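Line by line, the protein sequences are chains A and B. Throughout, the working numbering is defined as the position within the first sequence, counted from one, plus 110. Throughout, the working numbering is defined as the position within the second sequence, counted from one, plus 5.
Honestly, the hints are just simulated from the structure, not real lab data. One or more hints might be untrue.
Listed below are several chain A residues computed to face chain B (Cβ distance under 8 Å; list not exhaustive) [as the list claims (entries may be wrong)]:
#, residue
1, L195
2, I270
3, R275
4, A283
5, I288
6, V290
7, P291
8, I294
9, A295
10, K298
11, A320
12, F322
13, V324
14, L333
15, F336
16, A337
Okay, the calculated bits of chain B under chain A, using three or more residues with CB under 8 Å as the criterion [what the hints assert, rightly or not]:
#, region
17, 136 to 150
18, 161 to 168
Keep in mind that this is a model prediction, so the values were computed, not measured. For every residue, glycine included, the Cβ atom is placed at its ideal position computed from N, Cα and C.
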Amino acid sequence: MKSALTVAAKDLRVAGRTRDTLLATAFFAGLVLLVLGLALGGDTAGRTPTQTAGLAAGAVWTALALAAAVGAGRAFAQEQEAGALEQLLLYPGPHGALYLGKLLGVLGPLAVVAAFTLPTGLLLFGAAGAGQGVPWGALFLVTGLGILGLGAGTTFYSAITVNLRAREALLPALAFPILVPVVIATVKATGLLLADGWSDEVTTWLVFLAGFDVGTVILATLLFGFAVEG
Amino acid sequence: MKQDRVTTGLGLATLLSLGVAIALGLSAPLDVNQGSLVRLFFVHVPSAWLSYLAYGGTGLFGLLYLLTRQRRWDRLALASAEIGVLFTVSTIVGGMLWAKPTWGAYWVWDARLTTTALSLVIYGGYLLIRSLIDDPDRRARVAAVVGLVGTLYVPINYMAVEWWRGVHQTQTLKLLGGIRFDAAPIYGWVLLVATLAFTLLYAYLLRVRGILAAREEAREERELMEDLKSMEALRG
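Bound conformation, chain A alone (with noise of 0.2 Å):
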């Protein structure tokens, strides 16, 4: 555990002492907000507050599932470009604390990525500053359940892509489909509570994200060792 917040820790420095990696990421959610903007009409005024929820909530998710790709993919190779990545897996201490760290110092910089990305893709699709009440706490919450589902699948398909070709590539091929039900279910949550508030149904996908993020964690720690050994 003490080696998962030391890797954390150094991954959370770089991070913030270079930026780089944040700041490419945070603007391409914002791209991706914008793309879809203009492909999806910006005609609020015709759809019903249900749909404009779905949408938006839509909207969101896409741009913090490409946005998590992007940057978990920099996790290990930024590693991999300073030729630290074989020191790293040669350290004392379990693989999976260092999946573990690795997964802190992803999921760092995409919280800051989707404190922005949120906010903004709810006001761009009008579903929020229109005059209703917006549920921030629980939005808040579906985020950061959602960040660390996709941080999960993406950390550690990045680990396994790292040394191939075409690496940029390859992640969000092999990690999309994993992430399946964080994408159906982070929206979900997210377009119903913008139309209707917390409900049961609420509940329920929020306890489903929850089980995947745990079992997700557990496994990739567990088969993390048997990914990167070698």
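Knowing the structure of chain A, use the given hints to seat chain B on it.
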């Protein structure tokens, strides 16, 4: 080379059972609503069954490889994934051909359809990543991890998509499923025979592909050794 009786016997059994399934399927009475279209089910359902069997196989053989580190499990996992992808494509194409005249659309976002499409992507990725790693041991290890995770997430995907669809769409599908099974018990028997035949087919294909993979590996190693020898001869 030693005569491989098991493969031949398995092949003959597969051929025989497929023949029986075809004969039964063609002699089964036509469905009142669907006409001859109902026959598509005798291929569609067993090939879906086979593809899920193959995906389970990929995960299982991957796990066995990680535990034992014997390369034959990796070869079987590869064989299983290839068979799975092949039969998933056949399942989806067959299902689409049936769906267009019956549901009026080639594709609906039903849980089963979506999960099948997603598993195609998962195992496509599995085969893709195999083709990108040259070192056989590393390939086997990484592929085993990817295959194992993929197999574990197929049911989770199904669950998520099933909830995502809500009640509205599934109702129609349940109705259709009901028609199929209430119609005539003979269909159930044909399906059972066809499923059995496809299970044998899986075992046969798995064995043949596994043998092929083993020979490919042996050839690669032989070529490598010959290269090494010729290089040593050149160096003198």
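Status of the hints after comparison with the structure:
Hint on L195/A is violated. Least Cβ distance to chain B is approximately 14 Å, over the 8 Å limit. Evaluation of the I270/A hint against chain B yields a held restraint, the C-beta minimum of about 6 Å falling below 8 Å. For R275/A, the interface hint holds, the least distance from its beta-carbon to any beta-carbon of chain B being 6 Å, beneath 8 Å. Residue-level restraint check for A283/A holds (minimum Cβ-Cβ distance to chain B is 5 Å; threshold 8 Å).
The closest approach between the C-beta of I288/A and any C-beta of chain B is roughly 5 Å, which is under the 8 Å cut-off, so the hint is satisfied. For the restraint placing V290/A at the interface with chain B, the shortest Cβ-Cβ distance is roughly 5 Å, inside the 8 Å limit, so the hint holds. Taken as an interface hint, P291/A checks out: its beta carbon lies about 4 Å from the nearest beta carbon of chain B, inside 8 Å. Because the closest C-beta pair between I294/A and chain B is about 5 Å apart, less than 8 Å, the hint holds.
A cut of 8 Å between beta carbons decides the hint on A295/A: the least distance to chain B is about 7 Å, and the hint holds. A least Cβ separation of about 7 Å between K298/A and chain B falls short of the 8 Å threshold, and the interface hint therefore holds. Hint on A320/A is violated. Least Cβ distance to chain B is approximately 13 Å, over the 8 Å limit. Taken as an interface hint, F322/A checks out: its beta carbon lies about 7 Å from the nearest beta carbon of chain B, inside 8 Å.
Hint status for V324/A: violated, given a least beta-carbon distance of 12 Å to chain B, over 8 Å. Hint status for L333/A: holds, given a least beta-carbon distance of 5 Å to chain B, under 8 Å. At about 5 Å, the closest approach between the beta carbon of F336/A and any beta carbon in chain B falls short of 8 Å, and the interface hint on this residue holds. The interface hint given for A337/A is met, as the beta carbon of that residue sits about 5 Å from the closest beta carbon of chain B, less than 8 Å.
By the rule of at least three residues with a Cβ nearer than 8 Å to a Cβ of chain A, the coverage given for the region 136 to 150 of chain B holds, with 8 such residues. Against chain A, the region 161 to 168 of chain B contributes 6 residues with a C-beta closer than 8 Å to a partner C-beta. That satisfies the three-residue criterion, and the hint holds.
In this structure, the earlier hints numbered 1, 11, 13 are contradicted, and the remaining ones agree with it.
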